[in-house]
Amino acid sequence: MAENVSTMDSKQYIVVELGNEQYGIDIQYIDNIVRMQRITRVPKAQNFFKGVINLRGEVIPVMSLRLKFDFEEEEYTNKTRILIIKPDAQASVGIIVDAVKEVLTLSNDMIDKVARDINDERTAYLSGVGKHEDRLISILNIGEIFMEKEAENA
Amino acid sequence: MDVSQYLEIFIDETKEHLQSLNEQLLILEKEPENENTINEIFRAAHTLKGMSGTMGYKRMQNLTHNMENIFSEIRNGKMSVTATIVDLLFKGLDALENYLSNISTTGDEGTEEYTEIITQLDVCLKQGLGEMPAAAPSANAAAAVAVEEKAVETASASEKEKFRSFKYADHEKHAMNEAIATGQHAYGITVYIQETCLLKAARAFLVFKTLEGLGTVIKSEPAVQDIEDERFDFDFSMVLITKESLEAVKKAIMSVSEVDSVYLSEIKEEEVAMPKEVVVEQKTEANGNTAAAVAQAPQAAAEKKQAAQTSKPVVNRSVRVDIEKLDDLMNLVSELIIAKNGLVSINNADDATKQNNSGFNEQIEYLERITTNLHTSVMKVRMVPLESVVNRFPRMIRDLSKKLDKKMELYISGEDTELDRTVIDEIGDPLLHLLRNAADHGLESNEERAALGKPETGSIILNAFQEGNNVVIEVKDDGKGIDAEKIKAKAIAKGTITAEQGDAMTDKEIIDLLFRPSFSTAEKISDVSGRGVGLDVVKTKIESLGGDVEVRTTLGQGSNFIIRLPLTLAIIQSLMVELGTEKYAIPLGSIQTIEDIPVSDVKYVQTKEVINLRGTVIPLIRLNEVLDVESVKAKDENLTVVIVTKGDKLAGFVVDNLIGQQEIVIKSIGKYINNSKMISGATILGDGEVALILDVNTLV
Numbered sequence: 001m002a003e004n005v006s007t008m009d010s011k012q013y014i015v016v017e018l019g020n021e022q023y024g025i026d027i028q029y030i031d032n033i034v035r036m037q038r039i040t041r042v043p044k045a046q047n048f049f050k051g052v053i054n055l056r057g058e059v060i061p062v063m064s065l066r067l068k069f070d071f072e073e074e075e076y077t078n079k080t081r082i083l084i085i086k087p088d089a090q091a092s093v094g095i096i097v098d099a100v101k102e103v104l105t106l107s108n109d110m111i112d113k114v115a116r117d118i119n120d121e122r123t124a125y126l127s128g129v130g131k132h133e134d135r136l137i138s139i140l141n142i143g144e145i146f147m148e149k150e151a152e153n154a
Numbered sequence: 001m002d003v004s005q006y007l008e009i010f011i012d013e014t015k016e017h018l019q020s021l022n023e024q025l026l027i028l029e030k031e032p033e034n035e036n037t038i039n040e041i042f043r044a045a046h047t048l049k050g051m052s053g054t055m056g057y058k059r060m061q062n063l064t065h066n067m068e069n070i071f072s073e074i075r076n077g078k079m080s081v082t083a084t085i086v087d088l089l090f091k092g093l094d095a096l097e098n099y100l101s102n103i104s105t106t107g108d109e110g111t112e113e114y115t116e117i118i119t120q121l122d123v124c125l126k127q128g129l130g131e132m133p134a135a136a137p138s139a140n141a142a143a144a145v146a147v148e149e150k151a152v153e154t155a156s157a158s159e160k161e162k163f164r165s166f167k168y169a170d171h172e173k174h175a176m177n178e179a180i181a182t183g184q185h186a187y188g189i190t191v192y193i194q195e196t197c198l199l200k201a202a203r204a205f206l207v208f209k210t211l212e213g214l215g216t217v218i219k220s221e222p223a224v225q226d227i228e229d230e231r232f233d234f235d236f237s238m239v240l241i242t243k244e245s246l247e248a249v250k251k252a253i254m255s256v257s258e259v260d261s262v263y264l265s266e267i268k269e270e271e272v273a274m275p276k277e278v279v280v281e282q283k284t285e286a287n288g289n290t291a292a293a294v295a296q297a298p299q300a301a302a303e304k305k306q307a308a309q310t311s312k313p314v315v316n317r318s319v320r321v322d323i324e325k326l327d328d329l330m331n332l333v334s335e336l337i338i339a340k341n342g343l344v345s346i347n348n349a350d351d352a353t354k355q356n357n358s359g360f361n362e363q364i365e366y367l368e369r370i371t372t373n374l375h376t377s378v379m380k381v382r383m384v385p386l387e388s389v390v391n392r393f394p395r396m397i398r399d400l401s402k403k404l405d406k407k408m409e410l411y412i413s414g415e416d417t418e419l420d421r422t423v424i425d426e427i428g429d430p431l432l433h434l435l436r437n438a439a440d441h442g443l444e445s446n447e448e449r450a451a452l453g454k455p456e457t458g459s460i461i462l463n464a465f466q467e468g469n470n471v472v473i474e475v476k477d478d479g480k481g482i483d484a485e486k487i488k489a490k491a492i493a494k495g496t497i498t499a500e501q502g503d504a505m506t507d508k509e510i511i512d513l514l515f516r517p518s519f520s521t522a523e524k525i526s527d528v529s530g531r532g533v534g535l536d537v538v539k540t541k542i543e544s545l546g547g548d549v550e551v552r553t554t555l556g557q558g559s560n561f562i563i564r565l566p567l568t569l570a571i572i573q574s575l576m577v578e579l580g581t582e583k584y585a586i587p588l589g590s591i592q593t594i595e596d597i598p599v600s601d602v603k604y605v606q607t608k609e610v611i612n613l614r615g616t617v618i619p620l621i622r623l624n625e626v627l628d629v630e631s632v633k634a635k636d637e638n639l640t641v642v643i644v645t646k647g648d649k650l651a652g653f654v655v656d657n658l659i660g661q662q663e664i665v666i667k668s669i670g671k672y673i674n675n676s677k678m679i680s681g682a683t684i685l686g687d688g689e690v691a692l693i694l695d696v697n698t699l700v
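Same order as they appear, the protein sequences are chains W and D. Under the working numbering, the first residue of the first sequence carries the number 1, and numbering increases by one thereafter. Under the working numbering, the first residue of the second sequence carries the number 1, and numbering increases by one thereafter.
Derived by calculation from the structure, the hints in this document are not laboratory data. Don't take every hint at face value.
Cβ-Cβ distance ranges computed for the label pairs, FRET-style [unchecked claim]:
no.	chain 1	residue 1	chain 2	residue 2	range
1	W	M36	D	K633	26 to 32 Å
2	D	G647	W	V129	37 to 43 Å
3	D	E324	W	D9	55 to 61 Å
4	W	M36	D	A339	47 to 53 Å
5	W	Q37	D	N361	28 to 34 Å
6	D	V626	W	V103	40 to 46 Å
7	W	Q37	D	K633	27 to 33 Å
8	D	E467	W	R38	33 to 39 Å
Every beta carbon over 10 Å from chain W, so not counted as near; a handful from chain D, in silico [to be verified]:
no.	residue
9	S80
10	F205
11	D322
12	T371
13	R436
14	K494
15	I571
16	N657
17	I679
18	G681
Where a beta carbon is used, it is the ideal one built from N, C-alpha and C, also for glycine.
Could you put together the complete structure from these sequences and hints?
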């Protein structure tokens with residue numbers, strides 16, 4: 001832990017699984033990780049929003065990362081987790097992932113920037129690809145994933 | 001002295017005083033002879049001067065001082081209230097408000113001196129006094145004041161000199177006579193402490209200490225012990241024996257902070273020896289009714305006056321609480337309610353298995369009663385009367401009336417209606433917009449009104465009242481009303497609607513176009529209103545508060561803007577309904593009735609389902625279709641219809657099942673999830689499940 005704090009150019013990421021891909025989420029956005037629980041459907045919501053959950057008295061919207069990335073819909077197992085993410089101070093959003101693997105420290109030089117493909121909006125959701133030993137971890141651009149919602153709403 | 005910690009209090013109190021000055025000046029303008037008002041104004045101005053001086057805002061103090069001089073002369077009856085003076089004083093108040101806004105944004109009063117206003121005030125003062133040269137002596141010389149007070153016998157002053165009603169014991173008289181004989185002075189003193197003072201006893205103690213440095217206090221009323229224990233209102237009187245001059249004593253007392261005013265005068269030998277009534281009263285205490293009555297009369301009068309003052313809502317007895325602390329408390333109450341709901345649902349589930357759980361039931365009912373009461377009282381803490389918003393409007397209308405050269409009068413009623421603090425903070429601007437609209441667009445010019453046979457002075461009515469779970473605020477005027485044809489023409493010209501659309505629209509629909517963005521019908525744009533940003537802003541604001549606004553108008557007779565706002569924002573009563581397997585809450589405030597309708601009663605009008613309910617045709621909305629839920633009900637069963645209202649529009653929601661009434665805590669579902677506004681929020685049920693709250697306004 002101490003070395004991570006001291007080195008300025010490295011960050012901790014939570015590594016999650018989606019199918020057979022691995023994604024990293026900057027730990028500073030993560031508020032909480034909870035098990036799958038009952039989700040109340042919200043009518044007329046975007047298709048990737050599964051609904052809302054009750055997290056200790058707070059109502060939090062939950063989206064499926066799989067549906068967001070146009071993967072096939074998940075089956076919930078006892079590894080399925082909801083990551084509670086705070087893109088900004090006021091709002092929380094939950095994202096459903098297949099499993100949470102570990103916490104990984106990646107220094108900035110271990111992350112390659114990805115070129116943005118204008119035709120594929122999904123590339124915008126990634127801020128880079130991290131290499132750790134022989135694994136490749138796509139780093140999610142949290143700001144971008146939720147930013148776009150507001151544009152759709154307007 | 002570091003005064004920054006008092007800045008917030010200073011700003012708040014200055015606001016209150018300025019508001020009170022504004023109000024009282026308006027009254028004074030109408031009733032120039034109203035003595036109470038003048039006293040009130042003087043007191044507020046004086047406090048303001050003292051406060052700004054203490055905080056080191058010299059320019060503000062200077063301006064207030066000049067204004068106070070005028071109030072003081074008016075109060076002493078040496079100047080009469082004229083329109084020019086009132087105008088000037090209002091200008092002064094505006095300048096003070098500017099100072100205040102500077103202070104609240106930067107902490108500094110700014111550099112504007114407003115010398116123009118000050119010179120004008122000075123000129124006014126001199127002119128005013130010039131008209132009545134009889135009372136010549138300068139107001140500053142304390143001795144002169146005392147003499148003058150005796151000569152003129154101003155009711156207020158002599159009443160305030162409470163020491164005049166002292167009854168002296170023999171040894172006290174003796175002490176006074178002796179002092180006077182040895183060339184000392186005996187002064188009767190009444191000190192008034194500011195009503196905002198928090199530590200009255202401490203202030204009184206300081207006054208006593210100051211006086212004891214100058215001489216001997218031989219008598220005080222109330223007794224010293226009572227004063228120390230804070231058993232007095234805002235004034236206390238005493239007799240001081242000293243060598244110092246009257247003026248020096250006065251100055252010494254005024255140097256103690258938070259002293260509002262001091263009345264003092266010398267007690268002459270003959271006064272001490274002479275007072276017959278007092279002697280009579282003391283000797284014939286048992287049967288000296290008439291004499292006693294005479295002696296007590298001034299005191300009684302003074303008390304009466306005091307009582308009259310305290311009954312006025314000038315200073316609210318209030319505790320300033322940080323809204324965040326209240327929010328915390330509110331959240332705790334919300335959780336308590338959720339916990340209670342949890343118990344209730346466990347109880348319901350257990351009902352079948354356990355028969356003798358009446359003790360448990362009892363406890364739940366007890367808990368329920370407590371949470372409900374707790375909720376109500378916390379809610380009440382958050383409630384603020386509308387008064388705090390509307391009391392600045394009379395002044396605004398007065399200014400508008402001058403600016404637009406239209407005669408108008410604002411009538412406010414129901415200002416004691418209470419609303420949630422968050423709503424109060426937001427509602428001011430929309431109301432301001434509506435009032436400006438009424439004054440500018442609504443009312444006709446004086447000549448037009450005369451020609452139409454209407455009273456020359458236009459009326460604008462602001463009325464607020466509670467209606468069920470809503471508060472209704474109406475802004476009415478008796479002006480020309482809204483011309484639907486004109487709006488239609490304008491809308492077509494602007495391309496908002498096509499001519500065909502315009503023909504198909506009802507007058508009401510056309511008038512609702514006014515609430516579209518950038519739509520202003522004022523032919524000429526004035527700086528009062530008519531920039532086309534008004535009504536849509538009003539509508540957005542009110543909708544963001546969970547309310548709605550509608551307009552009713554009769555051409556030639558006036559318009560009425562009706563704002564409906566929810567009483568509370570956090571916890572509401574609602575009806576829980578079931579659609580398929582999902583549960584939804586419908587706010588009880590918008591529900592009119594619940595009906596059981598046979599399927600055969602459903603009729604079709606323009607391919608839409610309607611029912612005829614006791615003579616009213618009501619459109620049906622199948623919630624399961626709107627919300628994409630699979631209905632579990634068989635087709636031939638009777639329909640359960642919840643009749644809801646939006647303004648005076650009715651609609652019937654078809655639901656699968658009714659669950660019952662429940663108190664629910666409203667939670668936001670966040671900005672990320674797009675729900676096309678049909679869902680106004682969510683709530684957590686007793687079993688931890690989330691249920692969504694339907695927004696009746698969007699669905700109807």
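Against the structure, the hints:
1. W/M36 <-> D/K633: 26 to 32 Å: Given a distance of about 31 Å, which is inside 26 to 32 Å, the answer is holds.
2. D/G647 <-> W/V129: 37 to 43 Å: 56 Å, violated
3. D/E324 <-> W/D9: 55 to 61 Å: 38 Å, violated
4. W/M36 <-> D/A339: 47 to 53 Å: 24 Å, violated
5. W/Q37 <-> D/N361: 28 to 34 Å: Given range 28 to 34 Å: holds, Cβ gap about 30 Å.
6. D/V626 <-> W/V103: 40 to 46 Å: With a Cβ separation near 44 Å, D/V626 and W/V103 satisfy 40 to 46 Å, so the hint holds.
7. W/Q37 <-> D/K633: 27 to 33 Å: 29 Å, holds
8. D/E467 <-> W/R38: 33 to 39 Å: Distance hint for D/E467, W/R38 holds at roughly 38 Å.
9. S80: 58 Å, holds
10. F205: 49 Å, holds
11. D322: 19 Å, holds
12. T371: The assertion about D/T371 holds, with a minimum of 15 Å to chain W.
13. R436: 30 Å, holds
14. K494: Since the minimum Cβ distance to chain W is about 23 Å, D/K494 lies beyond 10 Å and the statement holds.
15. I571: Given that every Cβ of chain W is farther than 10 Å from that of D/I571, nearest at about 13 Å, it holds.
16. N657: Per Cβ check, D/N657 is outside 10 Å of chain W; nearest 17 Å; holds.
17. I679: For D/I679, whose nearest Cβ neighbour in chain W is about 6 Å away, the distance does not exceed 10 Å, so it is violated.
18. G681: Non-interface label fails for D/G681: nearest chain W Cβ at 8 Å, not farther than 10 Å.
Checked against the numbered hints listed earlier, the structure breaks hints 2, 3, 4, 17 and 18; every other hint is satisfied.
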